[in-house]
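*Asks:* For reference, the chains in residue letters:
2 protein chains.
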Amino acid sequence: MLYRAEITVGLKKGMLDPEGTTIRRALGHIGYKTESLRTAKQFLIELDAGSEEAARSELDEMCRRLLANPVIHTYTIKLEEA
Amino acid sequence: MLYRAEITVGLKKGMLDPEGTTIRRALGHIGYKTESLRTAKQFLIELDAGSEEAARSELDEMCRRLLANPVIHTYTIKLEEA
Numbered sequence: 000m001l002y003r004a005e006i007t008v009g010l011k012k013g014m015l016d017p018e019g020t021t022i023r024r025a026l027g028h029i030g031y032k033t034e035s036l037r038t039a040k041q042f043l044i045e046l047d048a049g050s051e052e053a054a055r056s057e058l059d060e061m062c063r064r065l066l067a068n069p070v071i072h073t074y075t076i077k078l079e080e081a
Numbered sequence: 000m001l002y003r004a005e006i007t008v009g010l011k012k013g014m015l016d017p018e019g020t021t022i023r024r025a026l027g028h029i030g031y032k033t034e035s036l037r038t039a040k041q042f043l044i045e046l047d048a049g050s051e052e053a054a055r056s057e058l059d060e061m062c063r064r065l066l067a068n069p070v071i072h073t074y075t076i077k078l079e080e081a
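So the sequence lines, in the order shown, correspond to chains A and B. For the record, in the first sequence the residue sitting at position 22 is 21 according to numbering that gives the first Met the number 0, with numbers rising by one throughout. For the record, in the second sequence the residue sitting at position 43 is 42 according to numbering that gives the first Met the number 0, with numbers rising by one throughout.
These are computed hints drawn from the structure, not numbers from a lab. Beta carbons: idealized from backbone N, C-alpha and C, even for Gly. You may find that some hints are simply not true.
Each pair of labels, with its calculated beta carbon distance range [to be verified]:
1. S50/A / L1/B: 37 to 43 angstroms
2. T73/B / L1/A: 21 to 27 angstroms
3. L15/A / A81/B: 31 to 37 angstroms
4. R3/A / L15/B: 19 to 25 angstroms
5. T20/B / K12/A: 29 to 35 angstroms
6. S50/A / S56/B: 18 to 24 angstroms
7. I29/A / E5/B: 18 to 24 angstroms
8. P17/A / E60/B: 21 to 27 angstroms
9. T21/A / K12/B: 26 to 32 angstroms
10. I29/A / G30/B: 42 to 48 angstroms
11. E80/A / E18/B: 23 to 29 angstroms
12. M0/B / R55/A: 34 to 40 angstroms
13. G49/A / E79/B: 31 to 37 angstroms
14. S50/A / G49/B: 46 to 52 angstroms
Partial chain B-side listing against chain A, Cβ under 7 angstroms, derived [said to hold, decoys possible]:
15. V8
16. L26
17. Y31
18. E34
19. S35
20. L36
21. T38
22. A39
23. Q41
24. L43
25. E45
26. L46
27. M61
28. C62
Take a look, some chain A residues computed to stay more than 10 angstroms from chain B by CB distance [as the list claims (entries may be wrong)]:
29. T7
30. K11
31. M14
32. A25
33. E51
34. E52
35. N68
36. V70
37. I71
38. T73
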């Protein structure tokens, strides 16, 4: 079965986000006031797996081993049948 | 009113995504087979606005002027009251 996953990898609460801070300042310079701005990375993955549980478990491993750094990142996995 | 927005900026269909290709290959090297992998960027923004329409219109302007490159990117804006 083909599954479609949306993995979002963001910085843990309390971790500084210098990219977000810079973008927020740049928006301010051109007249857009925001209260806060944080950045995150998204991976849209299609994969074949025997079941939804198998797909989720494999994606979770991918996050822990390569897509995210568990020291500084949190991640969420949204999964649906394609 | 405080609004919380989730802006996702991705590459248009047909645009090459070398970062995604590289990550997909790296996942393959450590044993994870995927059918496809695309990357996108997310901005989590809190902003004050008079109404949901005002917030959405301001966020749309931010995307067109700074957060996305309309030549190569598409973007989506999810908005909710904070």
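*Asks:* For each hint, tell me whether it holds in the structure or not.
*Replies:* Hints, one by one, checked against the model:
1. Checked against the hint of 37 to 43 angstroms, the C-beta distance between S50/A and L1/B comes to roughly 41 angstroms, which is consistent with it.
2. For T73/B paired with L1/A, a C-beta distance near 23 angstroms keeps the hint of 21 to 27 angstroms intact.
3. Checked against the given bound of 31 to 37 angstroms, the beta carbons of L15/A and A81/B, roughly 22 angstroms apart, lie outside it.
4. The hinted range of 19 to 25 angstroms is satisfied by R3/A and L15/B, whose Cβ atoms lie roughly 20 angstroms apart.
5. A beta carbon spacing of about 32 angstroms between T20/B and K12/A agrees with the range 29 to 35 angstroms that was offered as a hint.
6. Checking the proposed 18 to 24 angstroms range against S50/A and S56/B shows it is violated: the Cβ atoms sit about 44 angstroms from each other.
7. The given range of 18 to 24 angstroms is respected by I29/A and E5/B, whose C-beta atoms sit roughly 21 angstroms from each other.
8. A hinted range of 21 to 27 angstroms holds for the C-beta pair P17/A and E60/B, which are about 24 angstroms apart.
9. Our hint of 26 to 32 angstroms for T21/A and K12/B holds, since their Cβ atoms are close to 29 angstroms apart.
10. For I29/A and G30/B, the hinted distance range of 42 to 48 angstroms is satisfied, since their beta carbons lie about 46 angstroms from each other.
11. A hinted range of 23 to 29 angstroms for the beta carbons of E80/A and E18/B is consistent with their spacing of about 26 angstroms.
12. Take M0/B and R55/A: their Cβ atoms lie about 36 angstroms apart, and the range 34 to 40 angstroms holds.
13. In this structure, G49/A and E79/B meet the distance hint of 31 to 37 angstroms, their C-beta atoms being roughly 36 angstroms apart.
14. In this structure the hint that S50/A and G49/B lie 46 to 52 angstroms apart at CB holds, the actual value being about 48 angstroms.
15. For V8/B, the interface hint is violated, since its Cβ never comes within 7 angstroms of a Cβ in chain A; the closest pair sits about 9 angstroms apart.
16. Evaluation of the L26/B hint against chain A yields a held restraint, the C-beta minimum of about 6 angstroms falling below 7 angstroms.
17. The beta carbon of Y31/B is positioned within 7 angstroms of a beta carbon in chain A (closest approach about 5 angstroms), and the interface hint is therefore held.
18. For E34/B, the suggested interface contact is upheld, since its CB lies about 4 angstroms from the closest CB of chain A, less than 7 angstroms.
19. The beta carbon of S35/B is positioned within 7 angstroms of a beta carbon in chain A (closest approach about 4 angstroms), and the interface hint is therefore held.
20. Checking L36/B against chain A by beta carbon gives a least distance of about 5 angstroms; that is within 7 angstroms, so the hint holds.
21. For T38/B, the interface hint holds, since its Cβ comes within 7 angstroms of a Cβ in chain A; the closest pair sits about 6 angstroms apart.
22. This hint holds: A39/B has a C-beta 4 angstroms from the nearest C-beta of chain A, less than the 7 angstroms allowed.
23. With 7 angstroms as the threshold, the beta carbon of Q41/B comes within range of chain A, its nearest partner Cβ sitting at about 4 angstroms, so the hint holds.
24. Of the supplied interface hints, the one on L43/B holds, with its beta-carbon coming within about 4 angstroms of a beta-carbon of chain A, less than 7 angstroms.
25. With its C-beta approaching chain A no nearer than about 4 angstroms, E45/B sits inside the 7 angstroms limit, and its interface hint holds.
26. Hint status for L46/B relative to chain A: holds, with the closest Cβ pair at about 5 angstroms, below 7 angstroms.
27. At about 5 angstroms, the closest approach between the beta carbon of M61/B and any beta carbon in chain A falls short of 7 angstroms, and the interface hint on this residue holds.
28. Using the Cβ-Cβ criterion of 7 angstroms, the hint placing C62/B at the interface with chain A is not satisfied: the shortest such distance is roughly 11 angstroms.
29. Its closest Cβ contact with chain B, about 6 angstroms, brings T7/A to no more than 10 angstroms, contrary to its assignment away from the interface.
30. The claim that K11/A is not at the interface with chain B holds, since no C-beta of that chain comes within 10 angstroms of its own (minimum 13 angstroms).
31. Interface exclusion of M14/A from chain B stands, the closest Cβ pair being 13 angstroms apart, more than 10 angstroms.
32. A25/A, annotated as away from the interface, has a beta carbon of chain B within 10 angstroms; the closest lies near 6 angstroms.
33. For E51/A, the condition that its CB be more than 10 angstroms from all CB atoms of chain B holds, with the nearest at approximately 16 angstroms.
34. Annotated as non-interface, E52/A keeps its C-beta farther than 10 angstroms from every C-beta of chain B; the closest such distance is 16 angstroms.
35. At the 10 angstroms boundary, the C-beta of N68/A stays outside the reach of chain B, the nearest C-beta of that chain being 14 angstroms off.
36. Distance to chain B confirms V70/A as a non-interface residue, since its nearest Cβ pair spans about 19 angstroms, more than 10 angstroms.
37. The claim that I71/A is not at the interface with chain B holds, since no C-beta of that chain comes within 10 angstroms of its own (minimum 16 angstroms).
38. Under the 10 angstroms C-beta cut-off, the non-interface status given to T73/A relative to chain B holds; the minimum distance is some 12 angstroms.
Violated hints, listed in ascending order, are 3, 6, 15, 28, 29, 32; each of the other numbered hints is respected by the structure.
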